[in-house]
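Could you build the full structure based on these sequences and the hints that come with them?
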Amino acid sequence: MPSGIYAVAHIGNLKLYVSDASRLHSTWPLLLAQLNSGTYPNTTLQTVWNAEGGKRHFTFHTRKDLAQEYDIIGIEQLTSEY
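Each residue of the sequence shown is one higher than the one before, counting from 131 in the working numbering.
Hints are computed from structural coordinates only; laboratory data are not their basis.
Treat the hints with care, as some may be off.
To be verified - Label-pair ranges, simulated between beta-carbon atoms: (1) 146 to 180: 29 to 37 Å; (2) 168 to 194: 25 to 33 Å; (3) 189 to 157: 15 to 23 Å; (4) 181 to 152: 25 to 33 Å; (5) 168 to 190: 13 to 21 Å; (6) 167 to 187: 15 to 23 Å.
We put the beta carbon where it would ideally sit given N, CA and C, even for glycine.
Here it is in structure tokens:
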């Protein structure tokens, strides 16, 4: 994964949690470890992650993945800033 924007999509609830990280390729394992250990800084995402009990109800995307999804509210701002 390249550096920059990433998103965690919660399948079923149709919620998309978007954030950014430098050196995303090397940071990604740390982000997953934070989610799995309950220490992720976004408490809303962490709560949802914990409630799923380890089930695979999430997908992961980069800014490039999201750029073609025109149904996402605010996608113009996301793609114009990066």
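Hint check:
1. 146 to 180: 29 to 37 Å: This hint is violated: roughly 18 Å between Cβ atoms.
2. 168 to 194: 25 to 33 Å: For residue 194 against residue 168, whose Cβ atoms are near 29 Å apart, the range 25 to 33 Å holds.
3. 189 to 157: 15 to 23 Å: About 18 Å separates the Cβ atoms of residue 189 and residue 157, which means 15 to 23 Å holds.
4. 181 to 152: 25 to 33 Å: At 29 Å between Cβs, range holds.
5. 168 to 190: 13 to 21 Å: Taking Cβ atoms as reference, residue 168 and residue 190 lie about 18 Å apart, which means the hint holds.
6. 167 to 187: 15 to 23 Å: holds (18 Å)
Checked against the numbered hints above, the structure violates only hint 1.
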